[in-house]
Every structure is written in structure tokens, then in C-alpha cells.
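Undergrad: What follows is the residue order along each chain.
6 protein chains.
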Amino acid sequence: PTLTHVREDGSAHMVDISEKDVTARTARAQAVLRTREAVTAQLVQGALPKGDALATARIAGIMAAKRTHELVPLCHPLPLSKVTVDFDVDQPEPGEVLITAEVRTTSRTGVEMEALTAVSVAGLTLYDMIKAVDRAAVITDQQVIHKTGGQHGEWTRHD
Amino acid sequence: PTLTHVREDGSAHMVDISEKDVTARTARAQAVLRTREAVTAQLVQGALPKGDALATARIAGIMAAKRTHELVPLCHPLPLSKVTVDFDVDQPEPGEVLITAEVRTTSRTGVEMEALTAVSVAGLTLYDMIKAVDRAAVITDQQVIHKTGGQHGEWTRHD
Amino acid sequence: PTLTHVREDGSAHMVDISEKDVTARTARAQAVLRTREAVTAQLVQGALPKGDALATARIAGIMAAKRTHELVPLCHPLPLSKVTVDFDVDQPEPGEVLITAEVRTTSRTGVEMEALTAVSVAGLTLYDMIKAVDRAAVITDQQVIHKTGGQHGEWTRHD
Amino acid sequence: PTLTHVREDGSAHMVDISEKDVTARTARAQAVLRTREAVTAQLVQGALPKGDALATARIAGIMAAKRTHELVPLCHPLPLSKVTVDFDVDQPEPGEVLITAEVRTTSRTGVEMEALTAVSVAGLTLYDMIKAVDRAAVITDQQVIHKTGGQHGEWTRHD
Amino acid sequence: PTLTHVREDGSAHMVDISEKDVTARTARAQAVLRTREAVTAQLVQGALPKGDALATARIAGIMAAKRTHELVPLCHPLPLSKVTVDFDVDQPEPGEVLITAEVRTTSRTGVEMEALTAVSVAGLTLYDMIKAVDRAAVITDQQVIHKTGGQHGEWTRHD
Amino acid sequence: PTLTHVREDGSAHMVDISEKDVTARTARAQAVLRTREAVTAQLVQGALPKGDALATARIAGIMAAKRTHELVPLCHPLPLSKVTVDFDVDQPEPGEVLITAEVRTTSRTGVEMEALTAVSVAGLTLYDMIKAVDRAAVITDQQVIHKTGGQHGEWTRHD
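Residue numbers (our numbering), protein chains in the order written: chain A, 53 to 211; chain B, 53 to 211; chain C, 53 to 211; chain D, 53 to 211; chain E, 53 to 211; chain F, 53 to 211.
A portion of the hints provided could be inaccurate.
[What the hints assert, rightly or not] The following label-pair restraints were derived from C-beta to C-beta distances:
1) Asp140(C) with Glu71(F): 51 to 61 Å
2) Thr75(B) with Pro144(F): 30 to 40 Å
3) Glu71(F) with Glu71(B): 54 to 64 Å
4) Asp140(C) with Glu60(A): 53 to 63 Å
5) Ser70(B) with Glu60(A): 39 to 49 Å
[Said to hold, decoys possible] Listed below are the simulated DMTMM-like cross-link pairs for lysine to aspartate or glutamate, each with C-alpha atoms no more than 20 Å apart in a straight line:
6) Lys72(E) with Glu89(C)
7) Lys134(D) with Glu71(D)
8) Lys72(D) with Asp73(F)
9) Lys72(B) with Asp73(D)
10) Lys183(A) with Asp142(A)
The set of hints was computed from the structure by calculation and includes no laboratory data.
Computed from a predicted model, the values in this text were never measured in an experiment.
Yeah, the Cβ is synthetic: ideal placement off N, Cα and C, and Gly gets one too.
If we strip away everything but chain A, and leave its shape as in the complex, we get (with noise of 0.2 Å):
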């Protein structure tokens, strides 16, 4: 792609997306969180030291895309119109979670980040919330999905 946004002397900015459209845009993301089977048990029994995982960290994900321009530096305040955070245990592989985070937005820029964020945060909580059962747990594979809407329009991840 060109790279219309590149500054004479490279620094960081913020980049202006005042010209493009305000359309509907989704972004859906992903990550693993891979601990064992005898701790995914916990998680589904709600057996785990702190309480609920699943209910706490699909709550965390959904509060930390609204904060996503907060936390990484160079993204645009965006106004978030739908989040989901979902869990599937025992998925890709028994011993494993698989979150996945949906955002939308009718707005000038995509919201992958978004998405990204939530699932990073709920992952970080959910390790938070087995650590004193597998401190060797792994969050991997985060990335993005799917997204539609834009300039680009709609892309789908091949592996």
C-alpha cells in the first residue's frame, strides 16, 4: 500500500482521517489462552481462587475497547456502537480458551484495534484469575479476524 501518513522526519503523529467517510465498520479478533485441562475444569466450575474468569474478563475486554485510544498512543477516540467477548473452552485444543471480541462503529476509522484491545485484556484477566493455579500459562495468537467496512472494505485472515 502507499504510505500517504509517513512524516519528512518519521516522527509519531496522530493522522488526520478528517476526509475519510463515516461508515459502518466491524473488526472481529482473536487470541488463545493456553493453560491446562485441569484448570480449564476450574474455569467452567468457577472453582478458580478469585471467583467467575469467564464473567470478569468478558466484562474487562468490553470496557478496555472503549479505552483502547487511552492505551495505544496514536489510535482516534472512536464511538463504539456494539462489543461482544466470547469464550470457547477447551477450544482450538482441550486445555485451551479461545476469546474472540466483535466491535462496530459508524465512524471515519476501523476499530480492529478495538477488537484487539478487548481480547488482549481479557486474556491478561483471565490469566490474572488462574496465576495462582498456572503462573505457566501462555496467551497466544492474538490477532485480527475479519473486518468490513472502509476504504478497503471487507478482508478476512488465511491461514
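With the hints as your guide, set chains B, C, D, E and F onto chain A.
TA: Just chains B, C, D, E and F now, kept in the frame of chain A:
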């Protein structure tokens, strides 16, 4: 481990740390951004559209560490005494960036979550700055590497 | 009302408002701080230990309205176009303070939560400033009084 | 009590607590959400349009406690060592929800405001989740119930 | 100008902008950090104790612009579409740093406060990074330089 | 001074203060808002369009001091034990406002940045409230005046 914090109804709560000792504690976490060699070359040259990615991601990671307790619902607010975020470009493989954070506190609980949050937000920021040239980049292997201090003392990941 | 937003698994989510119309919307909320007449007298005279309670609580309420979506997990971020917070001392009864907030937006959803958050934080701030002289004070009757705009149009509380 | 903190000009200020002792302190606060029995039934069944209201409100309350000093202008930032938020549905009366928060710190001042902020934001969140079915619900009787620690020691509300 | 927003009781409020037009608006602000030539030399060489001061201050300024409405009580939250922060070292005089911010929005009110907040926090950050070598440095001449858009149109400072 | 904190690669980092002593520390900072006498008259009379400027700016400054570490990337979070913000209208010259902040902590590092941030945001807030009548107003001479505590002890600015 004994799960002394489980509540009878399994509900989420910020566990009581008031009886734990105030001691020096450190944590180190890592993550890997997986992109392409053409992109890591642009990263090093400062030729990315939004500007200087490494400096921006470093600051984002440091600032995020300080806000961990705002993002992760059951984390305690802690007086961080040191935060560093570093990048090894084309490590562990060409076309990848190894992100490492170190956090230190003198407090009643550990800073693993702060170190993980720093690498997480640094990774999100790098992705934000390269997504115009590689939307398919992945953040992976986000994990705690080492910790010291506290009741359980030193711990090092063995893979 | 039909509950079109229920998800199959009952999990929490920020509901999709992208199909709703952008219209002018207002909300008014109230709460009552119940203390003693000796305290409302000090409030009016500016004789409380931490200083000017009404001005401080007004600013706190206005600022909190802008942060509603950070506090209430499933609220959408909205571009507020007006916020006022007012106090009627010794109303509705002597020794009480009636707190009223009005919020206006032009957006896809209403601002009842923003008006309620403003009165709530204004009330907390008043309590903070009188608690040295009346720890037993109570914040009560926090409620939405009136709203306009949106699909359901005008609504006024009838008690 | 003697009001040692009043400034000559009556202006607001964050009072000096540097000479106060660092001690263990706790506070418990309560509030009541007054709605209808049909609504508390939906609350328990998880049948509300935005999803799982109790888990969401609990997390919101815990997170808000940590941000008390950002919301209430003259509150000191405190290192909270424990926060819990609990709900008793159909208490104290059918169709009501009793919200209770407990906060603990080891610090130079008390955590009454943190406990009150937790119940306040938990109550706002419950209202947000039921307002599609009961816009007229009221949050009431928000008050400190009990505190320990500090110069004035233990205090229990007597009604 | 006519002061149409004054309330009868003179109390603070976030004024109603709902009747104003949504138009493109820009603002440029400046400030000067006054230190010594030995320090600006270290700044350019990246030899300051806390590290790369210009990149850090640039990011701090951009991030602060997005939080203007959280800091300045009566500012409206605005969807910023562009933020830049730039530095001219040894300008306007040797041993000084000229800080310039530009902000753009498409909204109902102007972004002068956002531009001023960006230069202000960029200046604070530069001071933080040089204060180990020049505690006596001063931030001065913080002012709006130029604005466009809105009811009053273009404005340029004339000194 | 010896610059013990410089990293080999010159990158930004939050320096380690864990070995520094926990001691009482204070800082005082000042800034001047330069406007016209007609405006300072309105300020004192409470006749400005957005309302009571001094009370609003005082609260804004106090609240900003508590958020210094969120704004200035390499500042450590500190438990502030006192914050005051004061105004001298028509000082040091007619048509000016002298803004003074005092901050106190018991901690491992000083509070110069907190005091500067308080005067900075108080100044921004005053400007916001007078800009309808004097857009050309300037904030100037923002500087640390005095500090106590810490390794380097007392320091007073000499001009």
C-alpha cells in the same frame, strides 16, 4: 496450591492482601510480534506510516503498566518503582519482534500482571503502527518469564 | 417491552445501537442527600472542613457524567453536548440537599445513565465533604425524572 | 468534632494526612435498588436484555472502588488491599436488591468513600441493565454501615 | 462578545453546544521550554538520564490531547481526527525548545483546549526528563496561535 | 549531577527508585495566566460565561495532581497526602492571575511534577473559562518554586 481465596458462592472479588508482607518484588514478561522481514526493516528505519514505532510502543507499554489495576478488574493498585520495555528486532526469528518488560515494586503482592500488561499494550501499539503494511501480523507467546519476591520467592519459566 | 437484546447464553454485552437514529436526547436525574440542618447550614456558609462543598460536588458531577461509559460496563461512549448539576439546599426537607443533573446529547442512545452518574458522584462528593461532621448521612431517592428523544420519546416519572 | 482543616478563605483542598498513622482500616457500605419482583426474578434468572446483571455490577463496583480518588475530587489515592461487592436479591423487601461493599486498606486515611463508591457504581450498573424493563427503578439508602481503624476507631451505624 | 451562557447563579456548567453546526475545526497552540544550551544539547543527543525526551514528550502530548475533557472540567468530549506535536530545539532562542501542537476535529465546538493541553503535557514531560540536570527550567508562553472553523471562523494571534 | 540512570541505548524508561528512602517530601510550583484587567474583574465577580472559574480551576488542578503519573509517561505513581491550589488575582501584575500549588507525599521520590501538573491544568481550566472573552490570554512562567525532602533536600528558586 491451596486455594484459600475461593468464596462460597464462587463470586469474583479482589482478594485480601493486607496480611502479606511488604517486600521487594520483580517480574519479567515477554511477547512476540510476528510480521514479515520487510516490515521489521521499516520498523528499524523508522519508515512506517505513523512514525517511530519502537519509541511509541515503549512509552505505551510503560504507561499501561501503571494502569494495570484499571484494566484487570481484580488487580490491586501497586506503587511501581521501575518499568522498562525493550525490543529485540528480528528475534527470536527474522521478521519477529521480541518484546520484554521488567517491573519492580515494594509492595504486598507481585507485579506479574503489570509486566504482562506492559508487553501486551506495547504489542498492540506495534501492531497499530504496522497494520497498514501487514494487517495479518500476530502477537504471540505472551507470558511471564521470571519473578522474584513474595511468599513463593523466585520463579523462572522452563520451556 | 420486547427484549430483543438477550443473547442465547445470557452473557453480558454492549448491545448494538448502530441501527438507531442519531437524534437529540436529554435526561434529568435527581438524588437527595439526607443530613442534619446544622450541616446544611455549614454547607451554605462554606464552613465545612474540606471547603466549598457545593462547587466541588458540581464539578465532580459534571466530570463524572463524561466518564459514565468508563464506570458502567455496558454503556456506550456518547458525545455529551451539555451537562448541568444543581443543588437545592434544605429541599425537599430541611437538612436535605436535592441534587439535579441534566444531560443532553445528539446520538444513537439516551443519556439517562450519564444524568444518574452525575447526581451519584455529586452526592458522593457532598458526603465526602460532610462526613467529618455527619458520618451517618444518607444518599437516597436516586432516580431518572424525565427524558426526551429516541424511539420511546418523552417520559416523565409519576410518583 | 473539631474542624481543624478549614482554610481561612473556605476554599476546597485535599487535606494533609501525612501526620496520620499508617494502620489497617476497613469500611462497609450499602445501598438498595428498588425495582419490581418481576424484575428481580429476571435478574436471578439472567434473563435481562443486556445479560448477566449481578456479575457485571459486581465487577463494576470493584473497579470503581479503585478509581474513587479520580471521581471524588478531595479523596486521597489509597492502596486498597481488598474489595468485595455482594448482592442480596429480594432484600430487604421483595423486588429490591441490597448491595453491600467491603473495602480494606493499610493507609493513612479511611476507605468509607471507596466502599460507598463501590455500591454506588454497582447500583448504577444494575439500573443500566434493568432500565429497559423498569425505567422507574430507584437507588436508595446509600450509606456507610461500619468502619474500623484510624484515630476514631470502630463505628457502627445505629438506625 | 455576548456572553449568552452565563447562568443566573453564576455556577459552573458544561454549556449546551447541541445547536452548533458540525464543521471541520483546527487549532494550533505553542509553548516554550526555557532551559540551558547544555541541556538542549543533551536533549538532541538523547543523553538525558531518563532517555529519549523528544519522542516521549511527543507521545505524552498526543495522548493528553485525547484526554482534555477528562482534565478540563467544562470541556466537551470531541472526536479528534488528527493530532501532531512538534519540537524546534534552540528555538525561539538557544537553550529553548519551541513546542507546537495541531489538532483537528469535525465537531460542534473547537479544539483550542486540546491543542493547548497537548503542548502543556508535552512541556511537563520535557521538564520531567531534564529536571535532574536543570530543575530551574521554565515552561512559558503557552498560547493558542491559530484556529479555523466554527461560528467565528479563522483567527490568528498577532503579537 | 551524575546521570546514573542513562541506559546504553538511550531509550526511555521509568527509573528504579526502589532503593531510595521513604521520606516526607513537598513541592511548590507556580504559573501565571496573563489576560486583561477587564477579564480578571469578571473572574472575581463570577461573571464569566461558563461560571465560577476559580473554584472550577482549583478542583481541576487538585484532580490533575492525582493523575500526574497517567499524563507524564515516566513519572511514578505516588500516594499524595496533601494538595492545595491557590490563586492571587491581579498578581504579580494587574490583569494576571498567579496560580500556586503545593503537594506533599511520604514516598520514594519527589512531587515536583505533581505540583507542576496541578498549576498547569488549573491554568488550562482558567483559560477555558475566559477564552470566550480573551482568546489571546497566555499561560506563562510555569515553574517549580520550592521543594523539600529526598536525597538533595531543600531547594528554593532564586531568580
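Undergrad: Does the beta carbon distance between Ser70(B) and Glu60(A) stay inside 39 to 49 Å, or does it fall outside?
TA: Distance hint for Ser70(B), Glu60(A) is violated at roughly 55 Å.
Undergrad: With respect to the beta-carbon atoms only, verify the hint that Asp140(C) and Glu60(A) lie 53 to 63 Å apart.
TA: holds (59 Å)
Undergrad: Could you see if the CB distance from Glu71(F) to Glu71(B) stays within 54 to 64 Å?
TA: violated (26 Å)
Undergrad: Against the range 30 to 40 Å, how does the distance between the Cβ atoms of Thr75(B) and Pro144(F) compare: consistent or not?
TA: The hint (30 to 40 Å, Cβ to Cβ) is violated, given that Thr75(B) and Pro144(F) are roughly 49 Å apart.
Undergrad: If I claimed the Cβ atoms of Asp140(C) and Glu71(F) lie 51 to 61 Å apart, would that claim hold in this structure?
TA: At 55 Å between Cβs, range holds.
Undergrad: If you draw a straight line from the CA of Lys72(E) to the CA of Glu89(C), is it 20 Å or shorter?
TA: With a Cα-Cα distance of about 43 Å, the restraint between Lys72(E) and Glu89(C) is violated, given a limit of 20 Å.
Undergrad: Sort out whether Glu71(D) lies within 20 Å of Lys134(D), counting only the CA atoms.
TA: Answer violated: Lys134(D) to Glu71(D) is near 24 Å, above 20 Å.
Undergrad: Is the straight-line distance between the alpha-carbon of Lys72(B) and that of Asp73(D) 20 Å or less?
TA: holds (19 Å)
Undergrad: Between Lys183(A) and Asp142(A), does the CA-CA distance stay at or below 20 Å?
TA: holds (17 Å)
Undergrad: Regarding the pair Lys72(D) and Asp73(F), is the alpha-carbon distance no greater than 20 Å?
TA: It holds: about 19 Å lies between the C-alpha atoms, which stays within 20 Å.
Hints 2, 3, 5, 6, 7 from the earlier list are contradicted by this structure; the remaining hints agree with it.
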